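Use the sequences and the hints to build the structure in full.
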Amino acid sequence: MSRLWAIARHLIAEAIRMKIAVAFILLIALAVFGLPFTIRGDGTVTGSVKTYLDYSLSATTFLLSLLTIFTAWSVSNELVHRQIFVLATKPVARWQYILGKWLGIMTLNFALLLAACAGVYGMVHVIARRPTNVPGDREQLLNEVLIARHASPLAVPIEEFQREARNLFEQRRAAGEYALSPEFDAQSPMHDPQADQKELARLASLIDSRWRTVGPGEARRLEFKDLLCDRSRHLECELVSEGGARGQARYDETLVDGKSIKRLEVTVTGARADSPQTVWIDQRRAGSIQPDASGAGALVVTNADGQSWPETLGFIREDSLVMVGSGLGGVFESINNLRVRYKAMALNYSADELLRTIWQFGDDQKNTLLYVRARADAIDKYHKIPVPTDAVAGDHTLQAVVANPAFIGEGVLNPTIANLAPDAQLEALFGVGTFIGNYARWFGLTLWRLMFLAAVALLAVSLFSYPVAFLVAITVFLLAAVRSYINESFEFLQVAELPKVLAILVQAVQMLLRGLFLIIPSFSAYDATELLVDGRNVTLAWVLTGFGELVLVQTAIIVLLGCLIFWKREVAEVSV
Amino acid sequence: MTQQANIPVVQVAGLTKVFKDFWRRARVTAVKDLDFEIQPGEVFGLLGPNGSGKSTTIKMLLGLSYPTRGRIAVFGKPPTDVAVKSRIGFLPEESYLYRFLNARETLDYYGRLFQQHGRVRTERIDKLLDMVGLQREAKRRIGEYSKGMARRIGLAQALINDPEFLILDEPTSGLDPIGTRQIKDLIRMLGRMGKTILLSSHLLADVEDVCDRVSILYGGQQRAAGDIDALLAQSNRTQIITEGLSDETVSQVRDMLRRLEHKEVLSVSAPKDRLENLFMKIVADAQAANIGTSGARGAGQMADFLGTATPTGESLIKGLVAAARKPSDRDTSPAEPVAPRPAPSRAIIEQLVESNRDGEAPCAPERGAEEPVSASANRSLIESLMKSKRKDE
Chain A
1 MSRLWAIARH
11 LIAEAIRMKI
21 AVAFILLIAL
31 AVFGLPFTIR
41 GDGTVTGSVK
51 TYLDYSLSAT
61 TFLLSLLTIF
71 TAWSVSNELV
81 HRQIFVLATK
91 PVARWQYILG
101 KWLGIMTLNF
111 ALLLAACAGV
121 YGMVHVIARR
131 PTNVPGDREQ
141 LLNEVLIARH
151 ASPLAVPIEE
161 FQREARNLFE
171 QRRAAGEYAL
181 SPEFDAQSPM
191 HDPQADQKEL
201 ARLASLIDSR
211 WRTVGPGEAR
221 RLEFKDLLCD
231 RSRHLECELV
241 SEGGARGQAR
251 YDETLVDGKS
261 IKRLEVTVTG
271 ARADSPQTVW
281 IDQRRAGSIQ
291 PDASGAGALV
301 VTNADGQSWP
311 ETLGFIREDS
321 LVMVGSGLGG
331 VFESINNLRV
341 RYKAMALNYS
351 ADELLRTIWQ
361 FGDDQKNTLL
371 YVRARADAID
381 KYHKIPVPTD
391 AVAGDHTLQA
401 VVANPAFIGE
411 GVLNPTIANL
421 APDAQLEALF
431 GVGTFIGNYA
441 RWFGLTLWRL
451 MFLAAVALLA
461 VSLFSYPVAF
471 LVAITVFLLA
481 AVRSYINESF
491 EFLQVAELPK
501 VLAILVQAVQ
511 MLLRGLFLII
521 PSFSAYDATE
531 LLVDGRNVTL
541 AWVLTGFGEL
551 VLVQTAIIVL
561 LGCLIFWKRE
571 VAEVSV
Chain B
1001 MTQQANIPVV
1011 QVAGLTKVFK
1021 DFWRRARVTA
1031 VKDLDFEIQP
1041 GEVFGLLGPN
1051 GSGKSTTIKM
1061 LLGLSYPTRG
1071 RIAVFGKPPT
1081 DVAVKSRIGF
1091 LPEESYLYRF
1101 LNARETLDYY
1111 GRLFQQHGRV
1121 RTERIDKLLD
1131 MVGLQREAKR
1141 RIGEYSKGMA
1151 RRIGLAQALI
1161 NDPEFLILDE
1171 PTSGLDPIGT
1181 RQIKDLIRML
1191 GRMGKTILLS
1201 SHLLADVEDV
1211 CDRVSILYGG
1221 QQRAAGDIDA
1231 LLAQSNRTQI
1241 ITEGLSDETV
1251 SQVRDMLRRL
1261 EHKEVLSVSA
1271 PKDRLENLFM
1281 KIVADAQAAN
1291 IGTSGARGAG
1301 QMADFLGTAT
1311 PTGESLIKGL
1321 VAAARKPSDR
1331 DTSPAEPVAP
1341 RPAPSRAIIE
1351 QLVESNRDGE
1361 APCAPERGAE
1371 EPVSASANRS
1381 LIESLMKSKR
1391 KDE
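For the protein sequence lines, the chains are A and B, in the order given.
The opening residue of the first sequence carries number 1 in our numbering; numbering runs sequentially from there.
The opening residue of the second sequence carries number 1001 in our numbering; numbering runs sequentially from there.
Treat the hints as calculated values from the structure; they're not laboratory data.
All clues stand as given, with none of them false.
Result set (DSSO-like, lysine-lysine): computed pairs, CA atoms no more than 27 Å apart in a straight line: (1) 1281/B <-> 1147/B; (2) 1077/B <-> 568/A; (3) 225/A <-> 259/A; (4) 1020/B <-> 568/A; (5) 225/A <-> 343/A; (6) 1032/B <-> 1020/B; (7) 259/A <-> 366/A; (8) 19/A <-> 1139/B; (9) 1127/B <-> 1139/B; (10) 384/A <-> 343/A; (11) 19/A <-> 1147/B; (12) 262/A <-> 366/A; (13) 225/A <-> 366/A; (14) 568/A <-> 1032/B; (15) 384/A <-> 225/A.
Since we're looking at a predicted model, the values are computed, not measured.
Shown next as structure tokens:
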């Protein structure tokens, strides 16, 4: 191990002193610390942070990928300038040499990636502190970007549709609607079971489409499953008064050992100091505050044992807090929300291009509170509906009813037909972790990609001289980066419609690329930048799977191949 | 690790190397059917003009290149055996050092590859830098070094692991006469310590000064091999060195030889000192006078960790015998039988000695430091160098 580490240290020293690493460090620093001054996003703090995260992390990853390929030049340099003559006569096995170089490249990558990530994190907080005039901007930043959210898609009742389709099919067959089609006749020798399946699929699709289309005056019951979110209630309230006093209140309701623990904390400043302030919530007395001479005071009430709470208090979202004496008042709002995200789509809509819907979240049969939201969302845009997590039932499901009103305004018929098509991407997003944790998992996935690239670069320099090796490594890198796009293009390309010669050429290229893709992974399958920027959870399972596939299998194979090739190589001969 | 006395350090049998082109067609036969062995404790010279196959042979010995045919064994193992390399030190034809490292870092890097512990490594580095006279330039990058200075560091890295077998490819290349003398002295001392040394050079004088046996290559084939004294001896001549003689005495000697042996005196002249000795004397005098220089200083003492391996068996005896004899006497093992030299007539010598006692200073012999006079000159030179070093410290 000490030999490996000696070779690794040597490579790092070479990269820094020969200025290779220095050039890339400067470029990365420019990306990390310079971008915040050049980008604005959509003008909001949230938009700026998202844009900055996207650009800075993408630039850092790209630059480190190039640095990885350039640093492998160390091997070529030693072969060409013959330092390998001295090195190969030391008690260092060939595989130790290659592995030591790989270790050096990855140590450099790890250090630079860590430093860049720390810089980006710092700059994110600098950007987040910028002033903003957009209401809810900072809350959106905290709840939708600087967080790790899990997305639970809409649970489509496919089995129900298939049952309905089968029933409908049997009804139609019994009614003789398929009399002219002997392939559907079970008694006929021309009966085709595949035709039955096709018809069933068609009917199921029709039922599905019908279900997703919500006309005026109609409603649909939706369900989201596996919402393993924190269902505690956390409400906050800003207290304001005309007299200059101010205050804040926070209400928390958490489950501890099956018991519901309620805690209310109220703080005030600038209240009258000569009289006690009585705290009322929804016309029920919660407690009293005695302000001091400066007018500051606090009230904390907790029913730790479930008994000391003065009265059994149940809150709904619009509960208001009033303090008699100071004139302070405010309305509680939930701060522990999940987001139901969807793209507003409609088959027919009014001139104002707004999709008006009424949503009800919760299921009183499962003992959850019900929350109603009236929406008017711009069509073909994505929208997010905040829903308190206590609308999620104990079985981790969220029931929602979406209704399309029959009228908009007084006596005006609603022409809009809401469309919950798959393209609407209806999903429930809830926080499952912190941004730091998500960031760390992104770091891991990025590091796995760099490990693979380092192995490829070392394999290339084991075989070829530097210019050719660089070309090979860059080609592999680019193919890995765009592999998903190339695969998509294969699917869309209609080879049969091309002229014959061109078709043969295209097919040959496709075969070659498909062969290469057996060993070249798709980097986009291990790229979590988009998720991180969108505040979506980068799962640990994904990171570990990536480690297994990309590092333990592919990287290990390539490193072994590089060691084998270098072992057989006559280092006294310089190849081109 | 000790050498097993009976196993040659290097065994080469039928060694052939044919370089092929991209299409695997034979293009150049660099080495053909080469056979030789290097015994433990001997200084073996590999001679030949440019393109004779010396470097190719060395590369195959070190596993840098693979033979087309034949067999190579180093310490009884294939050259690619990693464990064997911990017993070898190699100074290539060019130093091939890392320009971005300084001398200390270079030695530290190679020391780490031998898994030397920190303190041992640091001590060895200090001693080697002192030995090669580059302690004051240790923090300068190799890229700023002159060729000679780089060569010294190259030698130091070859010795970092106190190797049993040292391969030196053109070790004096790029060195000034001082450095050349120091290298040769070092080779002699290492040889006396029982180390096995393979020296490849086309500087014949250097090889003649230090080697026990040589192999002369041409066109990839061995043309001659054997003990160097035996190869160089002129069996049909006799050399007698005396103190200064008068013309009359010389004339009498001519007549006597004509009369007794029926042989003519081929030449009578005052032997010349070697230019190297004159140069060293001048430098020693300058150093004794503390005249400054920006180049490498005089080298320090031999690093004491070198030769710490305890030789056994034949190599031990050789070392003891070598230490007991005059500095450059060697225990030769002639590879081929040579015709015995005709012994000079004792009567003639006694007559010459009797008739010439005018006390002229003897001259240094042409080859090596055979004579006591030259040995004392070398010893005094070394002592004066050490004195000047002590003054510097």
